[in-house]
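Participant: Please build the complete structure, drawing on both the sequences and the hints.
Protein chains: 2
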Amino acid sequence: MRGSKLKAILVIGDGMADRPVKELKWKTPLEAAHKPSLNQIAKTGICGIMDIIAPGAPPGSDTATLALLGYDPLKVYSGRGALEAVGSGIDVLLGDIAFRCNFATVNKDFVVLDRRAGRIANEEAAKLAKSLQKVKLEKPFVKFLFKNTIQHRAALVIRGPKLSTAVSDSDPEKVGEKVLEIKPLDNSPEAKFTAKILNELVRKFHDVLKEHSVNKARVKKGLPPANMILCRGAGTVPNIKTLSEIYGIKTACIAAASLIRGVCKVAGMKLINVRGATGTPQTDFMAKAKAAIQAAKTYDFTLLHVKAPDVASHDGNIEQKIELIEKIDSMLGYMLNNLDLDSTYLAVTADHTTSLLTGKHEGDSVPIAVTGPYVRSDDVKEFDERSCAKGGLNRIRGIDLMPILMNLLGKTRKFGA
Amino acid sequence: MRGSKLKAILVIGDGMADRPVKELKWKTPLEAAHKPSLNQIAKTGICGIMDIIAPGAPPGSDTATLALLGYDPLKVYSGRGALEAVGSGIDVLLGDIAFRCNFATVNKDFVVLDRRAGRIANEEAAKLAKSLQKVKLEKPFVKFLFKNTIQHRAALVIRGPKLSTAVSDSDPEKVGEKVLEIKPLDNSPEAKFTAKILNELVRKFHDVLKEHSVNKARVKKGLPPANMILCRGAGTVPNIKTLSEIYGIKTACIAAASLIRGVCKVAGMKLINVRGATGTPQTDFMAKAKAAIQAAKTYDFTLLHVKAPDVASHDGNIEQKIELIEKIDSMLGYMLNNLDLDSTYLAVTADHTTSLLTGKHEGDSVPIAVTGPYVRSDDVKEFDERSCAKGGLNRIRGIDLMPILMNLLGKTRKFGA
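If you're matching them up, the sequences are chains H and R in order. Take the first sequence: its letter number 249 is residue 243 in this note's numbering, and every next letter is one higher. Take the second sequence: its letter number 360 is residue 354 in this note's numbering, and every next letter is one higher.
These are computed hints drawn from the structure, not numbers from a lab. Treat each hint with caution, since some may be false.
The list cannot tell twin chains apart, which means a pair is met if one copy fits it or any two copies do.
What the hints assert, rightly or not - 20 Å max Cα-Cα, derived EDC-like pairs, lysine to aspartate or glutamate: (1) Lys408 / Asp45; (2) Lys384 / Asp45; (3) Lys16 / Asp373; (4) Lys172 / Asp108; (5) Lys16 / Asp334; (6) Lys214 / Asp372; (7) Lys384 / Asp372; (8) Lys21 / Asp336; (9) Lys408 / Glu167; (10) Lys121 / Asp201; (11) Lys168 / Glu205; (12) Lys16 / Asp336; (13) Lys384 / Asp373; (14) Lys19 / Asp372.
Facilitator: Here is the structure:
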């Protein structure tokens, strides 16, 4: 039973962990949800709590995914923009500067009215993005690529000689504040030049968007027009070894969110596209489960990421968060019934706590459970933040998980003799 | 309820943790004490054990406090002397060399008879210190500042060009041994010069002290004369960011012990003076509680330090240690009754284990409990070393605590996107 036959699937419920919620009689959503399959994984497996980055440190979904894949985000993370762009299918080269963007709504004084342009639909955003790609820059030797991803999300890549990531954001990150001028963050000519290019783009994008037929139609329907592109998180692609290079394994990623796809792509993972997987609460959970079962036939390690609970948490929607946890539970139930559990490890966790109350990523630890052959199962019977704290894994860090899974798969190398 | 309204108070019982004690039927003092309020914090909060520095590593009270404020003492600690001096109100500048000193009793052969000169009273020590400040050095371009702090404790600061911390202690740290000559610890002219200055000072201090009327009166009363200054822990002030710079918070310190005050001052905390807070077992616990409650109205984070249990532990006084723990418990009871617990986090811990048996700081972990809004409370019902080990925090490090508290206060920044 040792060796190449063993597989592992890691299921990540984005922002699934939470704090006790008053409306749930001080239970967390995980504690309040009906979740027989999550509990079965906890019951048959080894459990613990995990500080994705460090105790008290709120992770982003990108740094969290890097950590969960075994990379130290404090060492390798180089901004969200490039990862998002890679994940949305843009080829980001070393030297390119990439930004995470939002379609947003501003008034005529450039005050932000809606940072997500009413969570504009993918189809509309695609039409707008297509028009934006036609903008001409004053300096013809600088190229840019603009691509919408999910809803209001988009990526912008700047390619050319002598660019720098040392530029500020245009996104004020708050409704009611003005769009910021992008400024160089150091005195280099590269930073000044990059800021200039970006301000030119932002201005020209606005000119195109405000006159666009998609937006005129939105205004008629009483919807906020997507008349501004907010940029943030200038970055480059991290220069890391792939999981295949590190562990000698074949790896796959099932995720709809561009940012997660980007991280996985950079880690050398095969991106598996699943019809109906949208990164929204309406995603097709069962399609993802089936894709993961299929992937586990070929790939040693498969990451299955579900964005939905994070969305519900950011929105403060208690009922929806519980409902989505229960859908993840059903998805896991299908996987438990259809995987060969004698040769497959199934791990489940959250990439961070997203508080329904604050609507933010928090630095609280997350629960982790790993079931599969020969794990040292413990007494934990339920998968939630407090039950798992009593588990056999005790308290680990995010970057510990991948070596633990690879060790179970027999893919780690002895250090010493 | 999120945001700037949330406050945190950290109560540190110095050396409060211990090992099982035979005379207590193998209970620890915390286990043996009547402590309803400590237990209430454990019961309503999240508990754990904490390695202040690292498992098995005995911390000093200075390195422990640095760690508990979130600073890595292995990186920033630069000796006790400077912290003690800062805490006693001496302005220590970058470049100054500071020492921790004791008034001690020696015989005519300079053999130490009492390292604490019978724990000389503050008033007598102040008179002696005033006389010592009049000593003239051969090199007039070197200045010194000498100040008594609590009882036998004092601080000495040397200011001048070309000084070095690379000098040995004069304190043999043992009764029955001779006062040591201070030696340079490297071959630099600075170290040699600093050692020379110090030996000159120690000699001249002794000449003043042995003839001093305070000491003559002590001898008449059968008390050990404070006829020697023992120096140790040459250091400079650590070059660290303040807590305000790191977290954007207002912070306050309620502590009588100079060393703790020094650490807090260096961390940018407001030192709140409390009438009756003495750093001794006779300190006014209730005055400290009231000051902390008052501080929490203004300051985001307040540290309340109680030196007393450490003193009892060093003295091997079992009954007194239990009694002091019970006084801390009453102090916490008053705080629980008078704080707004819907918006205030109350954390309690020890800065290290001080063993009644060995009389020393030990490297055993310490219990930690945090109560307040939305914490993931656990099943722990009692605040002691063994009960807390079963808590939801599991095992953390000292430097983890501050990020955990700041995360609860909403003062940590997301890393990543």
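Participant: For each hint, tell me whether it holds in the structure or not.
Facilitator: Taking the hints in turn, this is what the structure says about them:
{"no.": "1", "hint": "Lys408 / Asp45", "result": "between (25 Å within a copy, 14 Å between copies)"}
{"no.": "2", "hint": "Lys384 / Asp45", "result": "both (15 Å within a copy, 18 Å between copies)"}
{"no.": "3", "hint": "Lys16 / Asp373", "result": "between (28 Å within a copy, 19 Å between copies)"}
{"no.": "4", "hint": "Lys172 / Asp108", "result": "within (12 Å within a copy, 69 Å between copies)"}
{"no.": "5", "hint": "Lys16 / Asp334", "result": "between (40 Å within a copy, 17 Å between copies)"}
{"no.": "6", "hint": "Lys214 / Asp372", "result": "neither (59 Å within a copy, 54 Å between copies)"}
{"no.": "7", "hint": "Lys384 / Asp372", "result": "both (9 Å within a copy, 10 Å between copies)"}
{"no.": "8", "hint": "Lys21 / Asp336", "result": "between (34 Å within a copy, 17 Å between copies)"}
{"no.": "9", "hint": "Lys408 / Glu167", "result": "between (47 Å within a copy, 13 Å between copies)"}
{"no.": "10", "hint": "Lys121 / Asp201", "result": "within (15 Å within a copy, 79 Å between copies)"}
{"no.": "11", "hint": "Lys168 / Glu205", "result": "neither (25 Å within a copy, 71 Å between copies)"}
{"no.": "12", "hint": "Lys16 / Asp336", "result": "between (41 Å within a copy, 12 Å between copies)"}
{"no.": "13", "hint": "Lys384 / Asp373", "result": "both (8 Å within a copy, 10 Å between copies)"}
{"no.": "14", "hint": "Lys19 / Asp372", "result": "between (27 Å within a copy, 15 Å between copies)"}
Checked against the numbered hints given earlier, the structure breaks hints 6 and 11 and satisfies all the rest.
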